Amino acid sequence: SLPAYLGTEGWMVNQHLLPGSQHPQNGFIAFIRETLARVRQFCKQKLLIRADSAHDAIANLAELSRHRRVDFIIKWNPRKQDKHAWAAHAFAHGKITTPRVGKRVAVFSVKEKHSFTDADEIERTVTLRRVMRVTERSIDKKGQMLLEPDIELEGWWTSLTLADQEIIDLYKGHALCEQYHAEIKTDMDLERLPSGKFATNQLVMACGALVYNILRFIGQVALVKPSGIIRHEAKRRRVKTVIQELVYFAGRLITTGRRLKLRFSRHVTAHAEAFRQIYQRLAYG
Numbered sequence: 037s038l039p040a041y042l043g044t045e046g047w048m049v050n051q052h053l054l055p056g057s058q059h060p061q062n063g064f065i066a067f068i069r070e071t072l073a074r075v076r077q078f079c080k081q082k083l084l085i086r087a088d089s090a091h092d093a094i095a096n097l098a099e100l101s102r103h104r105r106v107d108f109i110i111k112w113n114p115r116k117q118d119k120h121a122w123a124a125h126a127f128a129h130g131k132i133t134t135p136r137v138g139k140r141v142a143v144f145s146v147k148e149k150h151s152f153t154d155a156d157e158i159e160r161t162v163t164l165r166r167v168m169r170v171t172e173r174s175i176d177k178k179g180q181m182l183l184e185p186d187i188e189l190e191g192w193w194t195s196l197t198l199a200d201q202e203i204i205d206l207y208k209g210h211a212l213c214e215q216y217h218a219e220i221k222t223d224m225d226l227e228r229l230p231s232g233k234f235a236t237n238q239l240v241m242a243c244g245a246l247v248y249n250i251l252r253f254i255g256q257v258a259l260v261k262p263s264g265i266i267r268h269e270a271k272r273r274r275v276k277t278v279i280q281e282l283v284y285f286a287g288r289l290i291t292t293g294r295r296l297k298l299r300f301s302r303h304v305t306a307h308a309e310a311f312r313q314i315y316q317r318l319a320y321g
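Note that my numbering has the sequence shown beginning at 37, numbered continuously upward.
The hints are simulated quantities; they were obtained by calculation from the structure and are not laboratory data. Bear in mind that the values here come from a model prediction, so they are computed numbers and not experimental data. Fair warning: there could be bad hints in the mix.
To be verified - Cβ-Cβ distance ranges computed for the label pairs, FRET-style:
1) Val260 - Lys177: 34 to 40 Å
2) Lys208 - Thr236: 35 to 41 Å
3) Arg76 - Gly56: 30 to 36 Å
4) His303 - Gly63: 51 to 57 Å
5) Asp88 - Val162: 17 to 23 Å
6) Arg76 - Val162: 19 to 25 Å
7) Asp176 - Leu42: 36 to 42 Å
Glycine is no exception: its CB is placed at the ideal position from the N, C-alpha and C atoms.
Sequences are here, hints too, so could you generate the full structure?
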């Protein structure tokens, strides 16, 4: 699947279920436009889009560059790049640090011009910045000396003008998206879809996205404060925690005097208060 999450809370704003044989890049530009159109309906602030190396394509970078108030950091795919040539350049011109004995790290930026053909079949040229990090290890983390240095080559395309290390640190937040995706697959049990028909599974995933956002909303309203059910403060709660603390929370629905009452045990006042907060936010009238 191809999801898009918004904010540090992990709201799902778009979700495309892809056939197993389809590369995520296929149709990605249309996905970008659709996602940005949805977000702009309720958010006018500047956006930072982060994507992994599966979406390292000049067409993607050019598409994102044309949108106002939108910046991006996309992981670079080195493909068949010469690691040793880049290492020589990095340790000659980059900012070098030595985290431990036998390990050197060089960080630097390059600007490159790339040509591409747009949707109107017009040849265009775009200048792009790429932050690069080269790591050379002559001794591994266990203290074993290596016969030949191990060279790791990484890069990040970006439209931001921040310092190189700040770009790298910002991209680290992309790992949270993997955690959101893991919650959908494990906590909501959507790793294996029920049907052999693709259209049916698309409907299941669409319903799953709606339920995911509802559970995320419940967690943000009732479970992020340190008082009440959970004692420690957090920016968000796992979907699993929301389900366990509030969805599985038992109560009795009583009809009396032409009114409906929801009664909870006297021993779970914190849960009842959390439920009341949710009810007040969502109740009609």
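Consistency of the hints with the structure:
no.	hint	result
1	Val260 - Lys177: 34 to 40 Å	holds (36 Å)
2	Lys208 - Thr236: 35 to 41 Å	holds (37 Å)
3	Arg76 - Gly56: 30 to 36 Å	holds (32 Å)
4	His303 - Gly63: 51 to 57 Å	holds (53 Å)
5	Asp88 - Val162: 17 to 23 Å	holds (21 Å)
6	Arg76 - Val162: 19 to 25 Å	holds (23 Å)
7	Asp176 - Leu42: 36 to 42 Å	holds (39 Å)
Of the numbered hints stated above, none is contradicted by the structure.
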